[in-house]
Amino acid sequence: MGGEVVSGGIGRSVPRPDGPEKASGAFRYAGDLRVPGMLHARTLRSPHPRARLGRIDAAAARRLPGVAAVVTAADVPGVATYGLIVADQPVFAATEVRYAGEPVAAVAAVDAATARRALAAIEVDYEPLRPSTDPEQVLAADAEALHPAGNLFREIDIRHGEPGVDGSVVVEDRYVVGMQDQAFLAPEAALVSPAADGGVDLRVATQWLHSDREQLAACLGIPENLVRLTLAGVGGAFGGREDVTLQIHGALLARVTGAPVRIAYDRVESFLGHPHRHPARMWFRHTATADGELVSVQANVVLDGGAYASSSPAVLANAVTHAAGPYRVSHARLRGVAVRTNNPPCGAMRGFGVPQVTIGHEAQMDRLADALGLDPVELRIRNAVRPGDVLPTGQVLGAPLPARELIQLVAARPLPPPPPAVDVTGLALPGGLPAAAEPSRVRRGVGYALAYKNLLFSEGMDDSSAARVRLDLTDDGTPRVRVHSACAEVGQGFVTIAGQIARTELGVEQVVLAPADTAVGSAGSTSASRQTWMSGGAVRGACVAVADRLLARVARAAELPAEVVEAPRRTLRIAAGQIVGVEAGLRIAIADALAEGPIEADYTFHHRRTTALDADGQGDPHVAFAGAAHRAVVDVDIDLGLVRVVSMALAQDCGTVLNPLSLRGQVEGGTAQGLGLALMEELVTVDGVVVNPTFHDYLLPTTADVPDLDFVAVTEPQPDAPYGVKGVGEAPTCTATPAIVAAIRAAVGRDLRRVPVRPQDLVDLPTRSDLPRSDLPTSPHLPTRSGVAPAGGASTA
Amino acid sequence: MTAVAPDGFAAGPTGTGETAGTDGEATGTDGGATGAGGGANGGDGGEAGVGGGETGADGNESYRLNVDGFLRTVNGARLGDSLLTVLRDTLGVTAVKDACEQGRCGACSVLLDGRLAASCTVLAADADGTRVVTVAGLGGAGLARAVRAMFLAEGAVQCGFCTPGFVVAVTDLLTRHPDADEEEIREALAGNICRCTGYGRILAAVRAVQAERSLLRSGDAHSSGQTQRPPDGGPDGG
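Protein sequence lines correspond, in order, to chains A and B. The numbers in the working numbering rise by one with no breaks, and the one at position 4 of the first sequence is 4. So the mapping is simple: the working numbering equals the position in the second sequence, first residue as 1, plus 1000.
Estimated spans, in silico, between C-beta atoms of each pair:
#1 Gly1092(B) <-> Asn225(A): 30 to 38 Å
#2 Ala612(A) <-> Leu1112(B): 55 to 63 Å
#3 Arg28(A) <-> Phe1070(B): 18 to 26 Å
#4 Val422(A) <-> Asp1128(B): 45 to 53 Å
#5 Gly66(A) <-> Asp1128(B): 22 to 30 Å
A few chain B residues facing chain A, derived, Cβ under 10 Å:
#6 Arg1088
#7 Lys1097
#8 Cys1100
#9 Ala1156
#10 Phe1161
What the hints contain is simulated information worked out from the structure, not anything from laboratory work. From a predicted model like this one, the values you see are computed outputs, not experimental measurements. Cβ coordinates follow ideal geometry from the N, Cα and C atoms, glycine included.
Using the sequences provided together with the hints, build the complete structure.
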């Protein structure tokens, strides 16, 4: 709105409203909640990746002093299974366990120690079965079904252009990506209270309150209106809180005992309790003309979904539809399967299927450049998609998507100085002090990656977000906006953005956010880069409706003509704290206009409709995309296989920037998570069992690992989004990993088909014999339900 | 490399007294015991934790802790409980965060007689006689206040779960070493994990505190005034 601008509106680096409490330690996270008389719950989990489940004898546990209840599958009153897309996961295993860590029972007791003792007293008869842990084997004709619903979560086959058309230059290879964990810092927690009306109240750290409610109500066998959730403080999410974990267990125990129940995981249980990023095995074949024009791309992607579906079908769609990357290509065959194994379940994590394929297509683009004798940046510039291009799904790429500009921008950033010939501090070379690299044995490498990532939910889902906005007066007569949205604030900064939008639209400085809960309509999930667009759009729509009513009220009171009352924005506008009508000579304080009562409005925001994919993988599946390009510079100690990321530069397609400081935090955080996947983050399983479920063994990037980010934002507005925004959190996670791996390849001259890159991949160290050697099968093809991938039959560069 | 037993689960019950001697498979993957065991016995996680909790399996003596300047009586805690457990679960000091219980993430950082420590790696009973200072006890003035203010102004807080530990660690660093250079800052804070920010804004906040303090020292040695950055005066982050 024009005129005087209220402070703290959109476009400013407004600080977080919850910041002071978070910095002082006063902010209450889900795990900090306590009520008098509450019980403490713990979960019993299967140690076996696959076993027939016999008798569960909890009699001894129930007899322990202080134990209030033990619940198992027999105590689930409603539907026995739950899930985000398909309800295929048992609340508790009933007849068979399908992954190591699957819940079998839960206990509530007077304190956590008693609850742990009770778990130890539960006797479970397991008959271990041979687990199926190789995702390339579970679709074989003679493979055993691991679940009544079979081993295939989804298969996608995208056919674009003509089959069999090739360029003269061919590169083909396989790539493997390990299992990354979200590793949000605050482990799962909830406080669950039984209610007098037979319902249940949960205060929980989650990404999607209304989805939790739907699944809870079904499994508890009670109507949704008796299941009430309020968001408790959330310490990070990154996709890992999109699935239900402890919610149903806690609610069952609260209803059985009639007492409030605190249910919380520690780090080990957090690693076992939520789905992870899908490990991927991928085959790619790229062909180009001799002068570097991409002709065809073939890809075959196998995602290991683990024991239960979670969001595997949607993750696969993302992976396959993005498999060719942001490049113009006339002919493509992009196939993929998401399969069930006895590995831990996998689901949503930042990037949602796109980081895996970006690792593959960007490695291929570098190899293609090498085969062509072209600079990798130049090859990307020549082939980058432009708005109006037809993507492999048949979708016409909308504007803006400045792919070419992004790679040019990032390539133009100044490079860091060369590695020091003498390391004075011992900190400037790979490994830092403890590793003490010999400077003459350090090699420098530079690598690039370009990607695009879809925004919002895809494939025809009519996704929406609701918000309620009320404009009233405080006790001292100051105007105040109250925003009510069920959007889960997980750290991303929606609470800041919502206030900025309300101030901008209503010209009122004081904005309060009601607790996010199920008393208001669904805001959808805090995922898919969607909340600034979707819930920001809902808050804006509700604010506009409130403003319209306020202006109409003022027009009526001023006895302006009826056409002004009906369309007051033509004549009146809101400035800072005032309603102004220049032609009408009117200027009235908002506080005065509110004297006759508050104004409230609801609004539900929908994005444009998309379509499902047809049998040939054709459609208009994605609402929009955001692009990103990273350049990584690394130093590698070629004796020890240690890598230091010297610098990272990022150019990103951000749309309109609502809060520069928040934007910067998102892209830096996304870059760091991509760095983690490149170099250190992997949940390692042996025969389906996670062997490193602690922060001691699952390594996360620290201040010693993550360099400062040289960041350039491209801010062309997205036409169909509120204010022209784009989601910004995911795209940089997709490009950081392949850029770093490309830089390592450039430094050491190895192919490096496996991510994360480990020291033994760089210096040929022997690998522990009990761990998977490399996960790199010798066959160039990946199996699908309908056979093997199309034959390549061409030379490999 | 691993702190857990080869099957990934059996380490669970070995750490704390109350589950010592129970069958590993029966407790399944209940990780709480793993964490508490590691926490009570030092930063090396499960390996160091084996058997450590037995000393206080049923020990239940009363003792006192000086927490943020208040003498607090601890009743009902086990002698094997970590300082983190006693602070959070016995004394209700939830400003100290619990994220790994292995001394690996710094979320539970406190000062013990002015020395930085991960409270999950310290036995609470051993802290008897020391001054325990949490983020809540750092005070609303001076360096800690500047650190908190700059964390907000520079965008160093997102989910905020690491923030209390970081505020303690940064305050400790700049107390001991106000002019720490880039590499010294990075090395000093490498024990604190942040999963949201990628550290860029945290390091910017540290540099901003240094710049402000340096200005204060050189600008007017006699002045006691503050040059606090206004809350809305954050830099253009883009």
